[in-house]
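Please model the entire structure based on the sequences and the hints provided.
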Amino acid sequence: MRGDKAASEISGVLMEALESLSDQLRTEALTHVSYANEHEGKIPSNERLEFLGDAVVSLAAASYLLKKHPDSPEGELTRMRASFVSGPALAAIALQAGLGDLLLLGRGEEMTGGRKRPRNLAGAFEAVIGAYFLQHGWDRARELVEKTVLSGEPPDALQDPKTALQELVQKRPGATLEYRVLNVEGPDHMPTFTTAVFIDGQEVSRATGSSKKESEENAAREALARYRAGDAG
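In my numbering, the protein residues as written are 29 to 261.
One or more of the hints may lead you astray.
[To be verified] Cross-link-like lysine-lysine pairs, in silico, DSS-like; alpha carbons within 27 Å at most:
#, residue 1, residue 2
1, K241, K199
2, K175, K96
3, K95, K175
4, K240, K190
5, K241, K190
By construction, these hints were calculated from the structure, which means they are not laboratory data.
Predicted model, so just to flag it, every value in this text is computed and none were measured.
Structure below.
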């Protein structure tokens, strides 16, 4: 888990990278498909940049780990890379940096908590990396990935987020952890659950999902991200 200073430095690096992009690339990187659809495709979504960024992040991670761990077998390198570049790990970085606040979302996505949805955050992060690669080239994109994604030890992203959060909370004697379903809306065949995480009786995060389990996991991921940023507890 990264400390407050490290998380702040990573957020600063990511925001500087975003600001360095051309207006066109920056807008495209932050445009969710729901917003693009509402505007009838006049504004491209970030899906193509996300596709590119996913490849850049994966290659940069593989190259970095190969050099840093020359004696590690392929299986161990694969595990470390998967932990670093997993969706929850990238979403946590994006959340810390405030990337969700900058997203262009469609009305429906906005109303259902899209700015904090891990899938949207991870996708936006990858889109920014893809855009940065297009504008600045491989060497600078690789450096950006190393500074943001690969700093520190591999995150616990592969672990179940509820288990990871429980383990963190248990390190504080007497601390309590509770999940509360705050709302269920939508038709029976397509419900949206809103769940909040309470630690010591105080709400630290909330998130939505298409099931109670998914909403709890998403809320746990956000709580973990807040812990990494030093905002919880």
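Checked hints:
no., hint, result
1, K241 / K199, "holds, 24 Å"
2, K175 / K96, "holds, 14 Å"
3, K95 / K175, "holds, 16 Å"
4, K240 / K190, "holds, 13 Å"
5, K241 / K190, "holds, 10 Å"
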